[in-house]
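Residue numbers (my numbering), protein chains in the order written: chain A, 39 to 420; chain B, 39 to 420; chain C, 39 to 420; chain D, 39 to 420.
Everything labelled a hint here was simulated from the structure, so no lab data went into it.
Cβ atoms here follow ideal geometry from the backbone N, Cα and C, with glycine treated the same way.
Take these hints with a grain of salt, some might be off.
As the list claims (entries may be wrong) - Derived pair list, reagent style DSS-like, types lysine-lysine, alpha-carbon separation capped at 30 Å:
| no. | chain 1 | residue 1 | chain 2 | residue 2 |
| --- | --- | --- | --- | --- |
| 1 | D | Lys105 | A | Lys138 |
| 2 | D | Lys369 | C | Lys312 |
| 3 | B | Lys367 | C | Lys105 |
| 4 | D | Lys92 | D | Lys249 |
| 5 | B | Lys312 | A | Lys139 |
| 6 | A | Lys105 | C | Lys278 |
| 7 | D | Lys105 | A | Lys367 |
| 8 | D | Lys369 | A | Lys105 |
| 9 | C | Lys312 | D | Lys367 |
| 10 | D | Lys312 | C | Lys367 |
| 11 | C | Lys80 | D | Lys92 |
| 12 | A | Lys359 | B | Lys312 |
Claimed, not checked - Chain B residues, not near chain C, derived (Cβ > 10 Å throughout):
| no. | residue |
| --- | --- |
| 13 | Gln79 |
| 14 | Arg162 |
| 15 | Glu212 |
| 16 | Arg243 |
| 17 | Ala250 |
| 18 | Pro360 |
| 19 | Arg362 |
| 20 | Glu414 |
Protein chains: 4
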Amino acid sequence: MLRFYTAGESHGKGIFAYLEGFPANFPVDFDFINREMARRQKGYGRGGRMKIEKDRVEFLSGVRLGKTLGSPILMAVWNRDYKNWEEVMRPEPGQLPPEKKVTRPRPGHADLPGVLKYGFDDVRNVLERSSARETAGRVAAGALCKDLLRRLGIEVGSFVLSIGSAQVPMEAIEGKSFKELFENAENSQVRIPVSDPEVEETFKREIDGAKAKGESLGGVFVVFATGVPVGLGSHTQWDKRLDGRIAQAIMSIQAIKGVEIGLGFEAARLPGSKVHDEIFYSQERGFYRLTNNAGGIEGGITNGEPIVVKAAMKPIPTLYKPLRSVDIKTKEPFEASVERSDVCAVPAAAVVGEAMLAIVITAALLERYPADSFEELRLLFY
Amino acid sequence: MLRFYTAGESHGKGIFAYLEGFPANFPVDFDFINREMARRQKGYGRGGRMKIEKDRVEFLSGVRLGKTLGSPILMAVWNRDYKNWEEVMRPEPGQLPPEKKVTRPRPGHADLPGVLKYGFDDVRNVLERSSARETAGRVAAGALCKDLLRRLGIEVGSFVLSIGSAQVPMEAIEGKSFKELFENAENSQVRIPVSDPEVEETFKREIDGAKAKGESLGGVFVVFATGVPVGLGSHTQWDKRLDGRIAQAIMSIQAIKGVEIGLGFEAARLPGSKVHDEIFYSQERGFYRLTNNAGGIEGGITNGEPIVVKAAMKPIPTLYKPLRSVDIKTKEPFEASVERSDVCAVPAAAVVGEAMLAIVITAALLERYPADSFEELRLLFY
Amino acid sequence: MLRFYTAGESHGKGIFAYLEGFPANFPVDFDFINREMARRQKGYGRGGRMKIEKDRVEFLSGVRLGKTLGSPILMAVWNRDYKNWEEVMRPEPGQLPPEKKVTRPRPGHADLPGVLKYGFDDVRNVLERSSARETAGRVAAGALCKDLLRRLGIEVGSFVLSIGSAQVPMEAIEGKSFKELFENAENSQVRIPVSDPEVEETFKREIDGAKAKGESLGGVFVVFATGVPVGLGSHTQWDKRLDGRIAQAIMSIQAIKGVEIGLGFEAARLPGSKVHDEIFYSQERGFYRLTNNAGGIEGGITNGEPIVVKAAMKPIPTLYKPLRSVDIKTKEPFEASVERSDVCAVPAAAVVGEAMLAIVITAALLERYPADSFEELRLLFY
Amino acid sequence: MLRFYTAGESHGKGIFAYLEGFPANFPVDFDFINREMARRQKGYGRGGRMKIEKDRVEFLSGVRLGKTLGSPILMAVWNRDYKNWEEVMRPEPGQLPPEKKVTRPRPGHADLPGVLKYGFDDVRNVLERSSARETAGRVAAGALCKDLLRRLGIEVGSFVLSIGSAQVPMEAIEGKSFKELFENAENSQVRIPVSDPEVEETFKREIDGAKAKGESLGGVFVVFATGVPVGLGSHTQWDKRLDGRIAQAIMSIQAIKGVEIGLGFEAARLPGSKVHDEIFYSQERGFYRLTNNAGGIEGGITNGEPIVVKAAMKPIPTLYKPLRSVDIKTKEPFEASVERSDVCAVPAAAVVGEAMLAIVITAALLERYPADSFEELRLLFY
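With the hints as constraints, model all of the structure from the sequences given.
Structure representation (C-alpha cells):
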C-alpha cells in the first residue's frame, strides 16, 4: 500500500512529501526529479515568485547511496526566502503586530471556510497551507513514481487544451501519438501539444490580455499514461475502481473543478454505438481496440489502452482586479487584496496532474504486483 | 469514521450494503428507505427487469426496534428471481454446461479487463459484480444517510439535464430553487427539473428513437445538497478535500465518465472576475454569497452554499445494435450479445448519485461533529 | 488489501462476516469451514446454547459454483432461534414492555461503558453486539483464510496451556512438534496438547469445581502458524510490524487481557544470550535457527520460524455467583444477573485465536505476494 | 482521524515524525516536548551515544507562532553526528568500499529477515531503520499528544517493574497513587516507582553485573493513563476496540514481546469473582469501581478507570558477548558483532510506551470528540 502525504506551508520552512511503501533498491534519478520540479515552475504568465525559487528536492530519509531503502521516503523542498518570512511564519511563539494579521478572506480560496472551520483570527493560518505551493510536494513524490513507471514502460505526460478562450484546434491533435503531443507540449511555453507558432501566439495573447485587465485565467489540460498494463483497479468495490481514485486525485489539485475520463461529458451526448470501444484480437497484439473512448478504463479496471484524463482548472482566485469580500474582524466590506501574481497556472497544474496520476497508477500497480524491491517488481511485471 | 461497502452479485442471492460508524439511536424510516429503492428503479426507458424486482431493504443487523445500535448495519436487497438463477449462480460447487459459460466480453464493460485480471474463463464471474444492479446497495445505505441529513436540515437531491441530444433549456432552470427543481424532477419520468410537457416529450422521443435504432443513451445529471454547514472537508491534505472525495464517489458509479463541481469545465473558459463568488455579510445571515459558481466548496471545504455536482453518464454499454468483440475462448470475432435491455438509465444513476453524495457528506459530518448517538449529533449540529 | 469485518447481534438474525480482497478462483472447502464452525462450539464447560446452535455458514456473495469471485465475500451464520427472540430483537419499530429492558449492567462486560457511550436506556443494545457470539463471524472468515494458508503449506493451530489453576506441565510439551501438540489438542475436550487422561481430568475437575461454586474460569492458550515464509510484515513503519498487528487481532478477541509473542514476559527476565535465536546456515535448509524464542518474528518481520503467540483470557464475566452492580435506571445497587451460562470458553477462544492469526497472516501474505487469483498466488509463493 | 508515522534512519540526517489530524490552535509547549525527548535518553545503563545526542525537536511544518495550524505537523530530530556518517549514509549515489558493507546479521534483530525480504546485500539498509533510534520520532509526536491530554486532565505516565531478575516488590507499590508512583519513577535512574535506595541499588547491580558479563537485559514496565473519560473505543467492531489498538501500538515498539491490560495473564489464573470489577454509584462520583482489574477497558471501551498496560521488553539484541550467526555474502559462520552498546533500555522503552499510549488515546478521543480546534475539543470534552 502506497501512502502519500504532503506537509508544509507556503512561506514556511519548506514543502515536504512523505511517500511510504515505495519498493526498495530503486535507483533514484536525482536529475529527473529536479527536472520535474522545474517543469512545475515553468509556463507563460507565472508571477515573480517562480523566478526566486528554483525548487530542488532534498531527501531527508528513505534513500541511501542512490537507492531507496523500502523505508519511508521524506523529501524536502526548502523555501529559499524563509528567512524573510521568519517573523511571520516561525513555529516559535511570538506576538504578531496586528497589522500583519490577514483578516481579509479572498473569494474563491479556502480563506473564509477555513477560518470559520478552525476558528482562526488570521487568514494566513489557512492560506499558507491551501496555497498551490503545496503542489511542489506532490510533484516531488510524483517524480519518483513517474520514474518508476517509465522504467516499466509506462509513460505519464500532459498537455494543455485551452486557456481561457484560447483553444487548441482539435484537428491539430487528431491522429497524433501521445509521444508527439507530449514533445510538442514540452517545447511550448503554454504546454500546448502542437508546434504551431500561431496557436502559441493566440494563447500568449490571451494571457497578456487577461494580465492587462487585471484578470486571471483557467483552462483545460489532459493527463495521460501509455503502456499501462491490463488489470489495475477493480470493479469489485466502489473505492477500488481506478477511475474513482483518479478522479479524487485530480480533483484534489488546487483550483480543479472538473474531471473527465476518456470521452467524458461528450460520452453523454453520443449514442452507445459511437461510444463503446470495439474489441479485436490478433496473435501478435492480443486483445486490442481501435478506439479509446473509454480513456483506458472499463468497469474501474485498466484495459491496456492509454489512460486519458481531462481536467478543468478555474482561474487563479487572486486577481489584480478586485472582488468584493468582508473583513473577518471588522465585518466591513472591502475589495479583495492580491496575495500572489500569477495570471495563469494551467501548464503548472498539468504537471501536477501528471504527478497525481503517476502516484495513483503506482499505488494500483503495487496492489496488483506487490513488490518489496524494484527488481521483484520488474520481474513480476514482465 | 464511516465505512461503506457493498457485496453481492447481480443474479446472486441479493445485493448487500455494509455501513459502519453510523450514529446510534437513529430512528430508521423504513418507508423512506423503500421509497428510495423505488426511485432507483423508475425512469422512462428501463427494461423488463425493473418490473420484476421491487427492491425492498431487509436489515440483517445494526437496527433494533426501529433504532440503530451503533453497531455495523447490514442491509439486504434480496434478488427475487434467484431461484431461476440458482443453477448458474449458486455458491456450492457444480459443473456448468459449457454453453452456459459466457465467453463473449461486451465492449464498454468490465468484462474483458476483468477476465484478464482475474484469470477467469467465464465472463459471468465479472459481469455479475460489475453490473449496475450493485447500486441497489449504494441506494440502500445512501437512503439511511439521506434520512439522517434531512433531519439536520440538509437536503440531497438530483435532476437530469440531458439525455443523448435532448437537453433541458438552461433558461427554464435559472432562478429556480433547488426545492422546485427537485420537485419537478420527482414528477418527471425522465427526472428533468422542469414541468413542461413539451420538454418531457422531447426526452421521451429521444429515448424512443434510440430504442427503435437498437441504441442506448447516456446523459448529464446534477446532484445537489442544500443546508450544508460550513467546514466539512479540509484543505490540509489532498485526500481530505471534500471535492476530491465527492469526485471519487460519483466517478465510481457505473458508466460515469465525468464529474464537475460548481461551474466545472465552464470555469476554465471564464476570466477570474466572472468565476469567484464574492463574499458578503449581514448580521442576520452571517457571511453569504450571491453566486455559487464554486458549487459550495472552496479549497476542499464546504462554504455553506449548496453543493452542486454534475456528472456525465455514458450510454449503457449493452446494445441491441451489436458491437464487434472477440470470444475469450476461441479468440473468434463476434458481435456483442445483449445481457440487459435498458435503453437509458440516467434518471436511476442520478438517484445513485444522491446516495453517494449523501454518504460522503455524512462521513465528513461525522468527522467534524462527534456523534456516538443521533441525539448527540443533533445537539452539536445546532 | 484484505478487509475483514463482522456484523450481527447475538440474538439477532445472525452473525455475518465481510471479507474483501480474497483472491479469486479459490476452491472453497465448505466442509472445512463448517468443521471450523463446530470447533468453536466445542469444549468442556460450555453452556446450553452451544447445543441449540449448530453453526453453519451460508455464502451470500462472492462465491460461485464453489469458487471465489474476487468480489466481496459475505458469509451468514444464521441464528436458529431468532424466531424466539423476534419480539425483542426485530429491526422493525415496536414498544418493548419495560420489564424486557435490561437495565442491569454486568461487571466485566461492555455493558456499562457501552450504555454511557451511546446514551442507551437498554443494556441489551450493547450486550447483543459485545457478546462473544460475534466470534462466529471471525471463525467463518478465518476458516477461509486458514484453508488458503494450508494449501500453501502454512498450518495454523492452537492449544490450551492452562484453565484457572490447572496447568499443562511444561515438560509434557517440550520437544514435541506443533503437529503433535495440535493433534492432541484436537482430541482433548479442553484443547490441551497432551494425550494424558490424568492431566485432562485435572482440567475437567477445575471446571467442575468452578461450576459448583458458581464461578467462571479463564486460561492461557497458544496460537501458532508453521510453514510461514520469511518476510511478512515490515520493520519500516510502526503499523506495518506484524507483531503489532497480531497483538491487535488477538487482544481484540472478547475477554483477552494479555498477548505474548515467543518467550513473551519470560524474555524480560533472561539475559540477552539466553533470548536471541542464533542463526545457522546449510545449503539444504538455507538460513535457520535451533531455537525460536522470538516466536517467528524479528523486527516486525517473519523470520521463517513458526509464529507462536500466547494469549491470556479472563474468566467469562457472567457468573452464577453474583457480583455487585448498579441499575442504570434506578441507580439502585443489585447483584448481577446471569445472561449466559458457560463456565469456561478458553478452548473456543483458542479457535477464534486461530482465525484471527490466519486473517492477519493472509493479509500480510497478500501484501507481499500479488494475487488477483489463487493460481497466481500459488505460483508466486513457490 | 489522527495519522502518525515516522521516517528516518538511525545514522541518517535525522528522525522525523509526521502527525496529521491534530487540532488547530493548540499552544505548543516546546520545553515540555524537549523534556520528553530528554526523558527518552535517560536511564542507567545507556551507552555512549546517548551522551553525544541531546535530541531536540524542530518543527518543520504545522506550527506557527507557537500554535498548531490544523495542517500536517512535521517534526525533525536532527542527527548531530550525521557529518561523520555522510559517506556511508548519504542519499546521493556512491560506491561504498566493500569493507563498509555490513554482511553480518545480528540475531534478535530485523537484520536477516529484512535483508531476505528486500533483497539487500548490505545489512545496514535494514538496521538503520529498524533501530530503536526511530523511537525519537514516536516520543516527539507522543509529547504533543501527552501535552494535549494533560490539558484535558488526562495524565499519561510509566514506571519500571523489573529489569532482568531485579524486581520491584509488589508490596512497595500497593495502595500508592499513580501520581506518586510516577513521581518516584521520575526520580529514579532505573524508572522504578519506589523511592528506596536499596531497591534502586539492586537494579543498578543487576545492570552492572550484566555489563560485566557482556550481557544485556530486558524488563517489564507499566504505562498508565489517568483521567480518561468513559467511552473511548468501541465494542462494535474488532478493530475499533481500544485494547486491541493499544496492544498493537505497544507491541510495535522495538523489542517488546508481551502486552497486558489490567490483570493480564494473572486474570487467566483467577476465578471470575476475583477478576471482574464491581460497579458502584454515588451522586457525587456517578458510576465507579473500587478495583481496576480490567485496566480501564471493558469490551474494548474505556470505563473511566485508569488505563493500565504492562509490557515485556526482551534484552537489547546487541551484546558484547557474541552470538553465532552467518555472513549473508560468504555464508560463513561468525560471532555477531556489536553495533551499539546499551546494556538496558527498559526505562527508555517505558517513555516510548507513554508516547504510543498517548497517541492511541488522542486518536480515540478525536474520534469521539472530533474537534477542528483545541478550544472546540476543550468545550466538547467538558
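Taking the hints in turn, this is what the structure says about them:
Simply put, Lys105 (chain D) and Lys138 (chain A) have alpha-carbon atoms about 16 Å apart, close enough for the 30 Å limit, and the pair holds. Only pairs whose Cα atoms come within 30 Å are accepted, and Lys369 (chain D) paired with Lys312 (chain C) is accepted, the gap being roughly 24 Å. Using a Cα cut-off of 30 Å, the hinted pair Lys367 (chain B) and Lys105 (chain C) holds, with the two alpha carbons roughly 20 Å apart. Taking the CA atoms of Lys92 (chain D) and Lys249 (chain D), the gap is near 24 Å; set against the 30 Å cutoff, the hint holds.
Between Lys312 (chain B) and Lys139 (chain A) the CA atoms are separated by roughly 28 Å; this keeps the pair inside 30 Å, and the hint holds. Distance restraint check for Lys105 (chain A) and Lys278 (chain C): the Cα-Cα separation of roughly 21 Å lies within the 30 Å cut-off, and the hinted pair is therefore satisfied. As the CA atoms of Lys105 (chain D) and Lys367 (chain A) are separated by approximately 20 Å, the hinted pair is consistent with the 30 Å bound. At roughly 25 Å between alpha-carbon atoms, Lys369 (chain D) and Lys105 (chain A) fall within 30 Å of each other, so this suggested pair holds.
Under the criterion of a C-alpha separation no larger than 30 Å, the hint pairing Lys312 (chain C) with Lys367 (chain D) is consistent with the structure, at around 27 Å. Proposed proximity of Lys312 (chain D) and Lys367 (chain C) is supported: the alpha carbons are some 27 Å apart, at most 30 Å. A C-alpha spacing of about 57 Å is found between Lys80 (chain C) and Lys92 (chain D), which places the hinted pair above 30 Å, so the restraint is violated. Annotation: proposed proximity of Lys359 (chain A) to Lys312 (chain B) holds, straight-line Cα distance about 11 Å (limit 30 Å).
No Cβ of chain C comes within 10 Å of the Cβ of Gln79 (chain B); the nearest lies about 21 Å off, and the non-interface call holds. A Cβ of chain C approaches the Cβ of Arg162 (chain B) within 10 Å, the least distance being about 8 Å, so the stated non-interface status is violated. The beta carbon of Glu212 (chain B) is kept farther than 10 Å from every beta carbon of chain C, the shortest such distance being approximately 43 Å. Listed as a non-interface residue, Arg243 (chain B) keeps its Cβ farther than 10 Å from every Cβ of chain C; the least gap is roughly 39 Å.
With a closest Cβ-Cβ approach of about 36 Å to chain C, Ala250 (chain B) is found to remain outside the 10 Å limit, as its non-interface label requires. For Pro360 (chain B), the non-interface assignment is confirmed: its Cβ lies about 27 Å from the closest Cβ of chain C, beyond the 10 Å cut-off. No beta-carbon of chain C comes within 10 Å of the beta-carbon of Arg362 (chain B); the shortest separation is about 27 Å. Residue-level check failed: Glu414 (chain B) sits 7 Å from the nearest beta carbon of chain C, not beyond 10 Å.
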